[in-house]
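With the hints as constraints, model all of the structure from the sequences given.
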Amino acid sequence: MLFDIQQVRKDFPILKQTVNGKPLVYLDNAATTQKPVQVIKRLVAYYENENSNVHRGVHHLSQLATEAYESSRKYIASYINAANPKEVIFTRGTTESVNLVANAFDGFVNEGDEIVITSMEHHSNLVPWQQLCARTGAELVIVMANEAGEVGLDKFAEAMNEHTRLVAVAHISNVLGTVNPVKEITRLAHEMKVPVLIDGAQAIAHIPVDVQDIDCDFYTFSGHKAYAPMGIGVLYGKTIWLDQLPPYQFGGEMIEAVAFQKTTFNEIPYKFEAGTPNVAGALGLEAAIRYIDKYGVENIGKYEDELLAYATNDLKKIEGLRIIGDAAEKTAVISFVVEGVHAYDLGTLLDKMGIAIRTGNHCAQPLIDSYGLKSTLRMSLAMYNTKKEIDIFMDALKKVLGMLR
Amino acid sequence: MTIQEQQKAIIEEFSIFDDWMDKYAYLIELGKELPVIDEKYKTNQYLVTGCQSRVWLFAELDDEGKVVFTADSDAVITKGIVSLLVKVLSGHTPEEILNADLEFLDQIGLKEHLSPTRANGLVSMIKQMQFYARAFQLKSNVKKMKRDE
Numbered sequence: 014m015l016f017d018i019q020q021v022r023k024d025f026p027i028l029k030q031t032v033n034g035k036p037l038v039y040l041d042n043a044a045t046t047q048k049p050v051q052v053i054k055r056l057v058a059y060y061e062n063e064n065s066n067v068h069r070g071v072h073h074l075s076q077l078a079t080e081a082y083e084s085s086r087k088y089i090a091s092y093i094n095a096a097n098p099k100e101v102i103f104t105r106g107t108t109e110s111v112n113l114v115a116n117a118f119d120g121f122v123n124e125g126d127e128i129v130i131t132s133m134e135h136h137s138n139l140v141p142w143q144q145l146c147a148r149t150g151a152e153l154v155i156v157m158a159n160e161a162g163e164v165g166l167d168k169f170a171e172a173m174n175e176h177t178r179l180v181a182v183a184h185i186s187n188v189l190g191t192v193n194p195v196k197e198i199t200r201l202a203h204e205m206k207v208p209v210l211i212d213g214a215q216a217i218a219h220i221p222v223d224v225q226d227i228d229c230d231f232y233t234f235s236g237h238k239a240y241a242p243m244g245i246g247v248l249y250g251k252t253i254w255l256d257q258l259p260p261y262q263f264g265g266e267m268i269e270a271v272a273f274q275k276t277t278f279n280e281i282p283y284k285f286e287a288g289t290p291n292v293a294g295a296l297g298l299e300a301a302i303r304y305i306d307k308y309g310v311e312n313i314g315k316y317e318d319e320l321l322a323y324a325t326n327d328l329k330k331i332e333g334l335r336i337i338g339d340a341a342e343k344t345a346v347i348s349f350v351v352e353g354v355h356a357y358d359l360g361t362l363l364d365k366m367g368i369a370i371r372t373g374n375h376c377a378q379p380l381i382d383s384y385g386l387k388s389t390l391r392m393s394l395a396m397y398n399t400k401k402e403i404d405i406f407m408d409a410l411k412k413v414l415g416m417l418r
Numbered sequence: 025m026t027i028q029e030q031q032k033a034i035i036e037e038f039s040i041f042d043d044w045m046d047k048y049a050y051l052i053e054l055g056k057e058l059p060v061i062d063e064k065y066k067t068n069q070y071l072v073t074g075c076q077s078r079v080w081l082f083a084e085l086d087d088e089g090k091v092v093f094t095a096d097s098d099a100v101i102t103k104g105i106v107s108l109l110v111k112v113l114s115g116h117t118p119e120e121i122l123n124a125d126l127e128f129l130d131q132i133g134l135k136e137h138l139s140p141t142r143a144n145g146l147v148s149m150i151k152q153m154q155f156y157a158r159a160f161q162l163k164s165n166v167k168k169m170k171r172d173e
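Line by line, the protein sequences give chains A and B. Last residue of the first sequence: number 418 in my numbering, and the count goes up by one each step with no gaps. Last residue of the second sequence: number 173 in my numbering, and the count goes up by one each step with no gaps.
Warning: the hint list may mix true and false statements.
To be verified - Okay, derived cross-link-like pairs now, DSSO-like style, lysine-lysine, Cα gap no bigger than 27 Å in a straight line:
id, chain 1, residue 1, chain 2, residue 2
1, A, Lys-387, A, Lys-401
2, A, Lys-400, A, Lys-412
3, B, Lys-135, A, Lys-387
4, A, Lys-35, B, Lys-47
5, B, Lys-151, B, Lys-168
6, A, Lys-365, B, Lys-47
7, A, Lys-329, A, Lys-275
8, A, Lys-411, B, Lys-56
9, B, Lys-168, A, Lys-387
10, A, Lys-35, A, Lys-275
11, B, Lys-66, A, Lys-387
12, A, Lys-387, B, Lys-170
13, A, Lys-251, A, Lys-329
14, B, Lys-135, A, Lys-411
15, B, Lys-64, A, Lys-411
16, A, Lys-365, B, Lys-32
17, B, Lys-135, A, Lys-29
18, B, Lys-64, B, Lys-90
19, A, Lys-206, A, Lys-329
20, A, Lys-35, A, Lys-401
21, B, Lys-90, A, Lys-412
22, A, Lys-329, A, Lys-315
23, B, Lys-66, B, Lys-56
24, B, Lys-64, A, Lys-387
25, B, Lys-168, A, Lys-365
26, B, Lys-66, A, Lys-35
27, A, Lys-412, B, Lys-64
28, A, Lys-401, A, Lys-329
29, A, Lys-400, A, Lys-365
30, B, Lys-56, A, Lys-412
31, A, Lys-206, A, Lys-330
32, B, Lys-168, B, Lys-135
In case anyone wonders, no lab produced these hints; they're calculated from the structure.
And the structure:
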């Protein structure tokens, strides 16, 4: 056994719930994960014992809070193997991280330039680039995934040229589960002297992330998809880039000196952390990553892969069911449709049976469109899911399909 | 039957189901009774915008000044609820539709489908039905005014 799953389940209080009289089977982890007591307790402890504004006062509590906040930054930096803690910027989440870079890139992008993304990007790694292009007159170039949900390196090579200013790509697709070859993509882009941003929202809780090994210029993730609270996330950026980029928001904390005529800005990471930060969130994020690290993200990934194979195998036996995305490197996510059955109907009835899965376009409308679909159902796994839950899900699915067809 | 009586009848029909599965099975059956919108109106123009399931709605005024709705949806549960709404509101005057208090969905345990976060377009569907009623009302007021002149 990779780890004690019963102990893990005990750590997540919400999993004891019943929904519509049935035990909750939570399979919507790509949307957000549940939180273990270790994270919840960390938030409570902070507000009970340490709450104070950071980097401001000389008083005892402010120093406690500042130390905790900065040590969380250090821990996260070391977990993703950043060269320096100052390369870890706390944000609200992936969306803010991507927006920060996209806004700061205004000065690096001109008319006729190009930004390269893939067809499997979440809206949050698509719309900010679209907007950057609209502001600057640059063009958004889309590398299309094939039917299996993979993007070939050759396609990336074709998409890049001397006009390319940035490549932005998901580490793992939130719809297809595809694990993209981000290290190779980065190497390819760097040969053209193009910086790379990786959207790691779906990766951080499932596979090891080593930003220096990938060698990407930016890496983003959200805490809440990795057992941490909502409203906290990270933008990792190489110092050389973060130093060059202008601040994104202005106010307290991010300044060095302010006169009415002129303000000089603070150094990284503070330059990008205007205003009072989400200190509790940062501490919660540290607790969550420590929780993952306690079991080992490789073990978690292996365990989830077993569940994925188990569920995939069962789903394939259902007549008329089509799995969307069949990449060789795939993790934790299964999207599917059933012929003649609307995803909304299925999702509604499964909810009645206590099963939480996602229906819709998963904030990746262009991708769903490219498969000729309007919506899919998506089950997405976390470390606390079990084969038994998949069995319950399969029974419910069969029962519900009996009603709908 | 008045709108109120129709709602009461539906509440009674649904009260016999203890089990949610039977209730939903019945709802799906009801969807099959929906007066279906003419294919030529099944276009984006008549689409009630909702995030996940699509609903098309058409309305016309009959000779007696009553609004007649036809609709369709690509999701069977949504279609069942649409069918209920049409059953309740169709065949009534614009005034009656505008004054209707639609509480039956709540009472038959389908309230969750009316939650704005549900994103199935049902809230917009009701608004759209009332919008049609309002439009017909304005139209007939204008006609009346012209007649009076």
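- Message: Check whether the Cα positions of A:Lys-35 and B:Lys-47 lie no farther apart than 27 Å.
- Response: Holds. A:Lys-35 to B:Lys-47 sits at ~17 Å (cutoff 27 Å).
- Query: Are the Cα positions of A:Lys-387 and B:Lys-170 separated by 27 Å at most?
  - Reply: 47 Å, violated
- Quick one, are A:Lys-400 and A:Lys-365 close enough, alpha carbons at most 27 Å? Roughly 20 Å between the alpha carbons, so the hint for A:Lys-400 and A:Lys-365 holds.
- Holds or violated: A:Lys-365 with B:Lys-32, Cα cutoff 27 Å? 25 Å, holds
- Does A:Lys-329 pair with A:Lys-315 here, judged by a C-alpha cut-off of 27 Å? Judged against 27 Å, a Cα distance of about 21 Å means the pair holds.
- Has the given pair, B:Lys-151 with B:Lys-168, been kept, meaning a C-alpha gap of at most 27 Å? Holds, because 25 Å separates the two Cα atoms, which is no more than 27 Å.
- Message: Against the 27 Å threshold, does the CA-CA distance of A:Lys-206 and A:Lys-330 hold or violate the hint?
- Response: Between A:Lys-206 and A:Lys-330 the Cα gap is close to 47 Å, so the pair fails against 27 Å, i.e. violated.
- Hinted pair A:Lys-412 and B:Lys-64, Cα distance within 27 Å: Violated. A:Lys-412 to B:Lys-64 sits at ~36 Å, over the 27 Å cutoff.
- Message: Checking one constraint from the list: CA of A:Lys-411 to CA of B:Lys-56, max 27 Å. Satisfied?
- Response: With a Cα-Cα distance of about 22 Å, the restraint between A:Lys-411 and B:Lys-56 holds, given a limit of 27 Å.
- Message: Against the 27 Å threshold, does the CA-CA distance of B:Lys-168 and A:Lys-387 hold or violate the hint?
- Response: Violated - the C-alpha atoms of A:Lys-387 and B:Lys-168 are around 45 Å apart, more than 27 Å.
- Query: Is B:Lys-66 close enough to B:Lys-56, meaning Cα to Cα at most 27 Å?
  - Reply: 17 Å, holds
- Message: Against the 27 Å threshold, does the CA-CA distance of A:Lys-35 and A:Lys-401 hold or violate the hint?
- Response: 14 Å, holds
Of the numbered hints listed earlier, those contradicted by the structure are 1, 7, 9, 10, 12, 13, 15, 19, 21, 25, 26, 27, 31 and 32.
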